[in-house]
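Trainee: Each chain, written out:
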Amino acid sequence: MSRIKDLQKNLFGGTTSNARQFGMIFTLVAIVVLFQILTDGLTLRSDNLIALFQQNSYILILAIGMLMVIVAGHIDLSVGSVAAFAGILVAKSMADWSLPWPVAILFGLAIGAIIGAWQGFWVAYIGVPAFIVTLAGMLLFRGGNQYIGNANTIPVPEGFREIGSGFLPEFGPNTGYNNATLLLGLAAAVAVVWREIQARKTRRAMDADPAPMWISILRMAIMVGVIAFAALRFASGRVGTSFPISGIILLVLVIAYSFYTRNTAGGRHIYAVGGNSRAAELSGVKLKRVNFFVMMNMSVLAALAGMIFVARSAASGPQDGNGWELDAIAAVFIGGAAVSGGIGTISGSIVGGLVMAVLNNGLQLMGVGTDRVQIIKGLVLLLAVAIDVYNKSQGRFSIIGSLMRPFRRDDSAPPASPPDAEREPAKAAVSG
Amino acid sequence: MSDVPILLEMRSITKEFPGVKALSDVNLVVRAGEIHAICGENGAGKSTLMKVLSGVYPHGSYDGKIIYQGSESKFSDIRASENAGIVIIHQELALIPGMSIAENIFLGNEPRKRGAIDWKAANRMALDLMARVGLEEDPDTLIKDIGVGKQQLVEIAKAFAKDVKLLILDEPTAALNEADSRHLLDLLRGFRSRGITSIMISHKLNEIEAIADQITILRDGRTVETLDVKADGVDEDRIVRGMVGRELSSRFPDHTPKIGDVFFEVRNWNVRHPISADRQVCKNESFVVRRGEIVGFAGLMGAGRTELAMSVFGRSYGVYESGTIIKDGKEIVLKSVADAIDNGLAYVSEDRKAIGLNLLDDIKSSTVAAKLSKISHHGVLSEVEEYQAAEAYRKELRTKAPTVDESVSKLSGGNQQKVVLAKWMFTDPDLLILDEPTRGIDVGAKYEIYGIIQRLADQGKGVVVISSELPELIGLCDRIYTVFEGAITGEIARADATPETLMKQMTSTKKLATR
Numbered sequence: 001m002s003r004i005k006d007l008q009k010n011l012f013g014g015t016t017s018n019a020r021q022f023g024m025i026f027t028l029v030a031i032v033v034l035f036q037i038l039t040d041g042l043t044l045r046s047d048n049l050i051a052l053f054q055q056n057s058y059i060l061i062l063a064i065g066m067l068m069v070i071v072a073g074h075i076d077l078s079v080g081s082v083a084a085f086a087g088i089l090v091a092k093s094m095a096d097w098s099l100p101w102p103v104a105i106l107f108g109l110a111i112g113a114i115i116g117a118w119q120g121f122w123v124a125y126i127g128v129p130a131f132i133v134t135l136a137g138m139l140l141f142r143g144g145n146q147y148i149g150n151a152n153t154i155p156v157p158e159g160f161r162e163i164g165s166g167f168l169p170e171f172g173p174n175t176g177y178n179n180a181t182l183l184l185g186l187a188a189a190v191a192v193v194w195r196e197i198q199a200r201k202t203r204r205a206m207d208a209d210p211a212p213m214w215i216s217i218l219r220m221a222i223m224v225g226v227i228a229f230a231a232l233r234f235a236s237g238r239v240g241t242s243f244p245i246s247g248i249i250l251l252v253l254v255i256a257y258s259f260y261t262r263n264t265a266g267g268r269h270i271y272a273v274g275g276n277s278r279a280a281e282l283s284g285v286k287l288k289r290v291n292f293f294v295m296m297n298m299s300v301l302a303a304l305a306g307m308i309f310v311a312r313s314a315a316s317g318p319q320d321g322n323g324w325e326l327d328a329i330a331a332v333f334i335g336g337a338a339v340s341g342g343i344g345t346i347s348g349s350i351v352g353g354l355v356m357a358v359l360n361n362g363l364q365l366m367g368v369g370t371d372r373v374q375i376i377k378g379l380v381l382l383l384a385v386a387i388d389v390y391n392k393s394q395g396r397f398s399i400i401g402s403l404m405r406p407f408r409r410d411d412s413a414p415p416a417s418p419p420d421a422e423r424e425p426a427k428a429a430v431s432g
Numbered sequence: 433m434s435d436v437p438i439l440l441e442m443r444s445i446t447k448e449f450p451g452v453k454a455l456s457d458v459n460l461v462v463r464a465g466e467i468h469a470i471c472g473e474n475g476a477g478k479s480t481l482m483k484v485l486s487g488v489y490p491h492g493s494y495d496g497k498i499i500y501q502g503s504e505s506k507f508s509d510i511r512a513s514e515n516a517g518i519v520i521i522h523q524e525l526a527l528i529p530g531m532s533i534a535e536n537i538f539l540g541n542e543p544r545k546r547g548a549i550d551w552k553a554a555n556r557m558a559l560d561l562m563a564r565v566g567l568e569e570d571p572d573t574l575i576k577d578i579g580v581g582k583q584q585l586v587e588i589a590k591a592f593a594k595d596v597k598l599l600i601l602d603e604p605t606a607a608l609n610e611a612d613s614r615h616l617l618d619l620l621r622g623f624r625s626r627g628i629t630s631i632m633i634s635h636k637l638n639e640i641e642a643i644a645d646q647i648t649i650l651r652d653g654r655t656v657e658t659l660d661v662k663a664d665g666v667d668e669d670r671i672v673r674g675m676v677g678r679e680l681s682s683r684f685p686d687h688t689p690k691i692g693d694v695f696f697e698v699r700n701w702n703v704r705h706p707i708s709a710d711r712q713v714c715k716n717e718s719f720v721v722r723r724g725e726i727v728g729f730a731g732l733m734g735a736g737r738t739e740l741a742m743s744v745f746g747r748s749y750g751v752y753e754s755g756t757i758i759k760d761g762k763e764i765v766l767k768s769v770a771d772a773i774d775n776g777l778a779y780v781s782e783d784r785k786a787i788g789l790n791l792l793d794d795i796k797s798s799t800v801a802a803k804l805s806k807i808s809h810h811g812v813l814s815e816v817e818e819y820q821a822a823e824a825y826r827k828e829l830r831t832k833a834p835t836v837d838e839s840v841s842k843l844s845g846g847n848q849q850k851v852v853l854a855k856w857m858f859t860d861p862d863l864l865i866l867d868e869p870t871r872g873i874d875v876g877a878k879y880e881i882y883g884i885i886q887r888l889a890d891q892g893k894g895v896v897v898i899s900s901e902l903p904e905l906i907g908l909c910d911r912i913y914t915v916f917e918g919a920i921t922g923e924i925a926r927a928d929a930t931p932e933t934l935m936k937q938m939t940s941t942k943k944l945a946t947r
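Which chain is which? The protein sequence lines are A and B, in order. Counting from 1, position 66 in the first sequence corresponds to residue 66 in my numbering; the numbering is continuous, with no gaps. Counting from 1, position 452 in the second sequence corresponds to residue 884 in my numbering; the numbering is continuous, with no gaps.
Hints should not be assumed to be uniformly reliable.
The calculated DSSO-like cross-link candidates involving lysine-lysine, where the alpha carbons are at most 27 Å apart (straight line), are [as the list claims (entries may be wrong)]:
| hint | chain 1 | residue 1 | chain 2 | residue 2 |
| --- | --- | --- | --- | --- |
| 1 | B | Lys827 | A | Lys201 |
| 2 | A | Lys286 | B | Lys806 |
| 3 | A | Lys288 | B | Lys827 |
| 4 | B | Lys767 | A | Lys286 |
| 5 | B | Lys762 | A | Lys286 |
Hints listed in this document are in silico derivations from the structure and should not be mistaken for laboratory results.
Input sequences plus hints: build the corresponding full structure.
Mentor: Listed below in structure tokens is the structure:
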């Protein structure tokens, strides 16, 4: 029994916020397994996995930025339009002004920064709610896309397409697999082991007992196993395919932004502003700067997502990015962010995005029409958040919290005195 | 007056909140047609008593009886008490700024004709009601376009629209200027002559002395006495004695101050209200703090102590007009909270849940929140140092929590306050401003907090304590400033501080000789 308890507590971090993430991972695994069975093994086939990543990398990139926007207590409805606007300008810059594609990418990012500065200015310095600013932006930049592109599609050159549809190169001895992907998997496995060792060191430095060794090993084994499986799958696709470049871009961004939000003062400030903006301000956080930054950052990532999409579809069109904002927002909320701000993680949002992606993909493989796919996705979003809201109102934490409850004996002992006990009399004392 | 019939009697009212008895065996007798004042320090239970009377706390949630117009009343909500003719006008006006005077007067009580609101009748009736309270405005004027004095009159007109028999005013003149206050008091006298009974809660003793017939004094949730103003020859001093008359027990750790030189000084500080630009919340205030000294700021609610503190703390309140801050002999300009923190200031806010803490955070990230640079290396936060800092403060302040990973929302008030103190001690300030540091905290935790404050002073820091509890200021502080209506009205050394002297200067604009 104590081993099971240890496992629950430590396998995925053990704190309540992680319990929720564990719930999401659990859900993701369950959905993958479900579709793997329902589609007779199509879901986890190499070509399907590769397509899944290529088709969803830009949504997941948006989810990173959206997570930060939502944690700070805002929302961004304009990301699809911004992506389309940046996409058409970049396509045009290469077609009409013959910019070399690397320069065009920088140009696209700069456009994102300018649009972000525009939206951030209204939100942070004028105080217009982000909902309104970005609703306006949604119309503005959609219109901008169609005005500039004359509602036509503009093709993009070969080199540029790499960021959307390219793969890791083939090199080295013929192993039957893509060597670059294998190396990537190896690097990831090493990173996982290294992180676990670091985490144990940190725990010890905090005079806290690290999780039992066997749990660390089990955790590493599971992670390395998943990585090995994924690496082999991605490396064994059709010749010429492997882990997609857009997936690499996504990975780099996830790692960089996770680090930023967790381990830097700037990241902390975003959570502080979303958690209690007045308290943050009185702790010396520069509210306006934080709000400006998250809005600007979102548009830069939207521009990047737009370029990746254009590269994948080989041309920029007037309907690019339609509805992306909703997919990104859904990913963030399914991934455990709070509507009121202050809570959420990058990794949670990615998992949330993957849940939606696998659902989408699996249903399509089964031949379910887009009409019913939308209905199902809508219900899943509602249900995921509703379960969480319900559990919070019951004083519990998450889906998995309730799944696990029958097995749980200890840990969540109620606090000695309910915190609100003192609130009422305190209030009475103020006004008395 | 005993021949006048009794309109309202509240008999041994007891109201408990979890852990605290807000009212204990309180009695109140109000006779028809009088102005009855209720006095008491902050926290004495005045507002709670009025909430019991008006049904905010419904029948059954308190013990005791309310006998109104000769029979027992059991109000289930505000509507029930209003139907009986009891109308309460709160300190924070309950008007909707974007609606007109007439719309506000009849809100929830609209005159109807065949289901639709009869605006013609509403405007006519509004004009009539407005005349009764002496308000000369177009009933179509929006509330936000009239001053706070007139808004108060709209509230009273609204009460008349409900056929009021007993009018309760909670600090009606707190937000009003001199002229508006006088007008309001005249109005109340007029009501009295027309037989309307009023209950008035006020901190302004001169007004109470001038207008009230009877005064009931509450202290610590109990009735102290009821005075007949004319018969008993009541004056301000008499009221003050009733309000504060309790002895100071040894609720404070022993402490011998080690006071050094003046190192922090604020001169001629002037600040305007952030929204109503014509209201000056700090009027030419000046004060000094010495190293190792605990300086108190006494004043009633709304006196402007918090506003003074927050405006000094990086202009985090109001619109700065003029004034200088001198620290260690040099003038410093603090335009933002970050400036203030960098210059060694710390401000522990009065409402720790609303603006002091991020309740989503755990103890360790709260502890370091105001100075992340201290645990950052090349921009990267060190989790280990964060943990060590938080753990050190947890031990030093004896915060009761299993680990520093605990969410602050799960802590009791006293322990939350310790986390807030840790957060500001972590910034290593020279001057700590503590705004109501023991509000909502039980006695044991208070004692510990006093000890922490004294230790901070002994480390050579200056400590400013804002408190509404006079015994706390007298027990803790080496020197006390009194503040009234945005101005500093006195400076009293510890040896001369008594509740009476403080209360006197806290309630009068006269600047007494400073020592």
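Trainee: Find the hints from earlier in the document that the structure breaks and name them by number, from lowest to highest.
Mentor: Those not satisfied come down to hint 3.
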